[in-house]
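Please arrange chain B on chain A, whose structure you already have, making use of the hints.
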Amino acid sequence: MSTSRELLKRHLVIRTGLPTAEILVMDGLGVVLARGVENLQADLPCGFYKIRYLAGLAPTDEFLELPPGEGDFTHIAPHLNVDVPKAPRPLQSSSKPQGSSAETGELCVALSFESASSLASALAIRAMDGKQVGILPQESMNSSQGWITLELAPGCYLLETQPEGTSAPETIEQCVWVAKGWRTEVLVPVRSSVPDHPGVPDTGNAAVFMSNPEQPELSENEREFNLAELARQTLGRANPDASLGESVIRDMLHGKFENPMLGIYGAYLMLRGRYDRALLVEVAGNLRRMLGNHPDVLALFLVLDDAAGGPLEFRDPPMLRSAWNVIVARSGVVPAGSYARRIGGNLRGWGAWLQWKAPEAEEQPAAAETGKIDFIKLAQAAASRGSSTPPDNLQPLEKILYTYLARSASQSQEAVKLAKSITASVDKKKVLGSVWSPVVRYLAPSDIEKGTLGAAERVFQPENIALSLGIPQDAITDAGASLSKKLGVEFGWRGHLPFKL
Amino acid sequence: MGAPNNGNAATRVGQVGGGIEAVADGKPPVVRMQSGHGLADQDRVRVGPAGTNETPAHLYYVKSSGYSPKEFALYTDSGLKTPALLDAPPGAQVYRLAAEDWAVVAGVNLYLKHSELKGAVGDAHRFSQWLKDVAYLPDDQILEVPASPSLPARPEDIRPTFEDGKSPFQRLSELAGDKDLHHLGRRLYIFMSGHGILPAGGDKVEFAESALLMAKTNLYDHIAGRAHAELFRGPGVFNEVVLFMDCCRDWMGGIAMTKPMIPVFPVDQRPPGRKFYVLATQLDSTARESDKLCPPETRGVFTHVLLEALASPGLCDRDGNLTGKILADRVKKDVFDKTQKQIPEPDYDPDFVFLRRPPPPKPKVRVTFGAAVHGQTFDLRGGTNYPDPDDTHVAGAQPWIAELTGEGHIWRLKSRETGNITDFELDPSKEEVDVNIP
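So the sequence lines, in the order shown, correspond to chains A and B.
Heads up: the first sequence is residues 849 to 1349, going by this note's numbering.
Heads up: the second sequence is residues 325 to 762, going by this note's numbering.
Just chain B, same shape as in the assembly:
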């Protein structure tokens, strides 16, 4: 699969230059790639894999002017004043990062006053990993809310505290305050999973809110996801704000929403950002986790479905755009199909593009036939030739593999002899779909 672009048409992110050929030590070190890298001065790059808890990522700023198209120098600061130290073997990969994207990620399993969850921390970790590996966010621009891995000896030491929850947003505010027109970047991702509520103090309820409870908390100490997202979107601090809240939205009458403790930026200096918000469930409803999706691990159904959709190369329009509508509808449908109860609640700008992907290859169907239908002739319809058949096959013991052409995602097999029909849908996560006609 080619490198996806995280929605930014102007700059492609991801792997560049085909791997390191050699590094000339010096101040700064100069990297020679196997092919042209296309990097520009002050681009942010990562050398090697994304960081983990044990091994931090190697992040740098690039100076390419004055070097050959296959070479660049590395610095530790955007002003290109402090030369970097680099110890990278030949063959190591270099990735151009989405330097204008930021994220706040929170996952909470353990609570002092609520039941323990099993999957929220893992879900947050997996989303962070997606941000690093696929959206190419710099590791240091993913602000993770710390969560206790186990109950501490002193219960009052449990994290995240309310301070932990609000501090990433306050940090983003400080960074934005320092920028021209308070414009901090292209896209802000907010991902939260854990116990959640809909603070419903009175009638001025923000019905589209979803708030994550902190570990050491009373119900007032919540982080209202949408309210925080809107404070960065409305004044155009970011061009786009993405919000995923994998939390219950229990209706909490008598609990007024705790407003974000961040400054209000002026709204008349820049156009508001565009939004893509998806809450895991409807108002006053439960967001579920399950140990059946990826046993033995427990995962939040919403996050599992979301990450599956993001990993499905075929989930896009014919130009390769994973639009907000395609992603939202898919997640809504799949979460409901898996739970029969939970229905995510999306809210997004109509022209929002979540990811740009290479146009997907043509999918195939693999049809196997039961002995009872051997000898019957089957027409396959739903593709380019619609309403005429795109392919025809006489059923036998061997599977029939047919390429599915055109834009359609629902296809019909019909026996000429009996008129029996079998409808099937494409699975965007797979290049081949299996159909059995008994």
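Looking at chain A on its own, in the form it has when it is part of the complex:
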């Protein structure tokens, strides 16, 4: 006697023991029936399934029978290759290096050779004033297990490398924060697009871990390292809604006292969903006490609109792109002359870490005079010159803004023109339409005209320009002011003047 499949359901549990592993349960058509990270639980009809594990560079597939029976059916995944940089952790220093003091922190950096056999370009570590404080691999070859350990004053430092594949050599930078009394470990994979050829340090995929040198036993935890990597990879995912389960995030926030990076990751992952404000207040407060004015932590206070603990000012860029997104949307938080003000037009990459092309020394328009910049007027002036014929004397940031405004204006003008033409064509079909349409539509635009004009106007709002270009609003205002002068556009507030695109 056959049994109806619908009646034969069972609870399937799959465990990988790996926080970075994604598990897919598929039927024979490839349709995904259930999905999980690290573990999977699902009620499914008994039968045969294809299980796909995504952890590492290649997937692992297996067939699985979910047989009829009582209770849960638990399946342990086969061994999976993990896609995290591999290297032994740095040796714990038995004593502080010479010259160290209670006011310093440690920065440990190592390279992890993966698909490359050797290194084509070096990885430099610089202070924010440009002074080199370390370079790999030269210095790491002389140290044990490939790590270099630097005793540094707390603050922001730059990791600097030259990636492959760029037509002109570009120096790419990103920040790493050193906190007083903490060790920051940065493990940079070395990758080559051609297997076994010399590679370059892929700082965009660096694993960053923090530990307390005084309590090494708390930090030697592979699970936490994998959890941090899972969080970093999730923050770097294309889908801004990509996040982890609430329990995983709470697990990270719980681990922040041993590894504050978990707290930072957890906080930004929490912001991707509906977050618990009280919990964010607690996490941000604890992180600030542990790490000082870490820009990624200060950006959490921007989210909370809480400046009670001190000014929320960002002279140095944050480590995470998620934190930068918070900063660029605000005005008055990136001071003139700061490094953070100079990087906006040069962002590179798309992963969790904020990366940029090293700015030229002079890449900074003067601070704007008081008054509002009329970006629409500026856009019209740029469009009338043409996007490909900017004035010769523009600084890089001004040129980026000029190109954006000129192109956006011409795109908007074309869309508005088409909207007007459609409106006129529709009106003409009505009684005496060709007579009344020009007058009536001047006073009462059609719904298409209104929608198109509204969309065009939004393009030129300063916060949208800032977000579209990834440049802080303050820098946009400065560039807009100097560009206005160079194009001969006077300041002024558009107020209620009719939109003239």
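Quick caveat, the hints were computed from the structure, so don't treat them as lab data.
The structure displayed is predicted, hence computed values, not measured ones.
Just so you know, even glycine gets a beta-carbon here, dropped at the ideal spot from N, CA and C.
Do not take every clue at face value.
Claimed, not checked - Straight-line alpha carbon distances no greater than 25 angstroms define the calculated DSS-like cross-link-like pairs of lysine-lysine that follow: (1) A:1225 to B:583; (2) A:1205 to B:599; (3) A:1268 to B:503; (4) B:656 to B:583; (5) A:1277 to A:1334; (6) B:616 to B:662; (7) B:616 to B:754; (8) A:1278 to B:405; (9) A:1277 to B:405; (10) B:437 to A:1265; (11) B:599 to B:656; (12) B:503 to A:1276; (13) B:616 to A:1247; (14) B:405 to B:351; (15) A:1277 to B:616.
As the list claims (entries may be wrong) - Pairwise CB distance ranges (calculated): (16) A:1241 to B:402: 21 to 31 angstroms; (17) B:364 to A:1123: 52 to 62 angstroms; (18) A:1179 to B:440: 39 to 49 angstroms; (19) A:1123 to B:474: 48 to 58 angstroms; (20) B:542 to A:1241: 54 to 64 angstroms.
Structure of chain B alone, referenced to chain A:
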């Protein structure tokens, strides 16, 4: 295979009336079919095969009222005012067309500033052909972006230009502007293949974007597929929008997205359309082409897999629905299996139905046995009788052909003597799957 329906439950498209029996010349010409045709006034039909570059298709509007169920008259306009001219032999086929469906198709192989591709134009052509032959779009509602077949004598004459890329969308805007509530039709297909980027000017990046570069271009002159699709979907200009982008999605920092130069229709007059979008690859990743899929021709892996899936009669649920989920999951899996690197990125409404097909026939397995297992008894499980065997067979020199019943797509053969198991999956493109047990 019976005529599929392109997702429209109300109107069946495809062949009608069993072929032309006779044509009565006149103004208009009256066509007599071999059987009842079921056409209604103002239906669009094609007589004969879909058009090619050399021979245009014969497209008409039907007037059936006032004629017998096997007859209809043909006109060239939807107002049924201008009688058509028809020269069709007896036996010629008549197809009811998906008159409310439109498409924009672009494929670019040659670029002034980028490497040459081999398969993009062919892929676009094959997708166009699928639209005509299977989705039954009228040829004149497939707006193809022109592409230079070879490098022109003057490089600046290379096509498509940016104007070429945006003009089909502007034309659709104009047509929609003329319609009540700006509702132009049932479904819009957008297919683009060629070099692509993800314009990532800043942090307000549309991470789900994929933009096709035009031939004569700087990086700003791109057609952002998703942004265009959304301008027609959001205000309900179409009930459904399908987007396929077989392009790389190289991250282009510093290049802000070039916004569509089409009007913004009001979003509060009609419900938004439903979407089925599939990008060939993940963000900042490569979409590959290969000469191994269909040698010696080079094809884009994504389009090849997509068209294979669309041509697989068994790829549907038991009611014959090729749902968005089935198609998206299948394409995602097959592209990855073929490349081990490229993973398409789908985004669709959960209840989206891409095609309605006749329910597929029951598949079969053909098992051949090596001499080493001859005499062993094999149980076949995974079908209607699960967990009991659906069939049992003693291995011998002759192949064992068994019908596979039920909904399962993964099956298991197990030797009673040794306990060895062989799992296999059905191939939806085939009615019979081969399994060998050595």
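A quick look at each hint next to the structure:
With a C-alpha separation of about 19 angstroms, the suggested pairing of residue 1225 of chain A with residue 583 of chain B holds against the 25 angstroms cut-off. For the given pair, residue 1205 of chain A sits about 37 angstroms from residue 599 of chain B by alpha-carbon distance, which is inconsistent with the 25 angstroms threshold. The suggested pairing of residue 1268 of chain A with residue 503 of chain B holds, with an alpha-carbon distance near 15 angstroms, which does not exceed 25 angstroms. Of the supplied pair hints, the one linking residue 656 of chain B and residue 583 of chain B is violated, its CA atoms being roughly 28 angstroms apart against a limit of 25 angstroms.
For a cut-off of 25 angstroms, the pair hint linking residue 1277 of chain A to residue 1334 of chain A is broken: about 47 angstroms separates their Cα positions. Proximity of residue 616 of chain B to residue 662 of chain B is assessed by CA-CA distance (about 10 angstroms); at most 25 angstroms being required, the pair is judged to hold. Between residue 616 of chain B and residue 754 of chain B the alpha-carbon distance is near 20 angstroms, which keeps this suggested pair within the 25 angstroms criterion. For the suggested pair residue 1278 of chain A and residue 405 of chain B, the alpha carbons sit about 22 angstroms apart, so the restraint of at most 25 angstroms is met.
At most 25 angstroms may separate the alpha-carbon atoms for a hinted pair to count; residue 1277 of chain A and residue 405 of chain B meet this at roughly 20 angstroms. The suggested pairing of residue 437 of chain B with residue 1265 of chain A is violated, with an alpha-carbon distance near 31 angstroms, which exceeds 25 angstroms. With a CA separation close to 17 angstroms, the supplied pair residue 599 of chain B and residue 656 of chain B stays within the 25 angstroms bound. As the CA atoms of residue 503 of chain B and residue 1276 of chain A are separated by approximately 14 angstroms, the hinted pair is consistent with the 25 angstroms bound.
The straight-line distance between the Cα atoms of residue 616 of chain B and residue 1247 of chain A is roughly 45 angstroms, outside the 25 angstroms bound, and the hint therefore fails. For the suggested pair residue 405 of chain B and residue 351 of chain B, the alpha carbons sit about 10 angstroms apart, so the restraint of at most 25 angstroms is met. Taking the CA atoms of residue 1277 of chain A and residue 616 of chain B, the gap is near 56 angstroms; set against the 25 angstroms cutoff, the hint is violated. One distance hint, 21 to 31 angstroms for the beta-carbon pair residue 1241 of chain A and residue 402 of chain B, is violated here, with the actual separation near 58 angstroms.
Evaluation of the 52 to 62 angstroms hint for residue 364 of chain B and residue 1123 of chain A yields a pass: the beta carbon distance comes to about 56 angstroms. Checking the proposed 39 to 49 angstroms range against residue 1179 of chain A and residue 440 of chain B shows it holds: the Cβ atoms sit about 47 angstroms from each other. Remark: the range hint 48 to 58 angstroms for residue 1123 of chain A to residue 474 of chain B is upheld by a beta-carbon distance near 57 angstroms. About 22 angstroms separates the C-beta atoms of residue 542 of chain B and residue 1241 of chain A, a value inconsistent with the hinted range of 54 to 64 angstroms.
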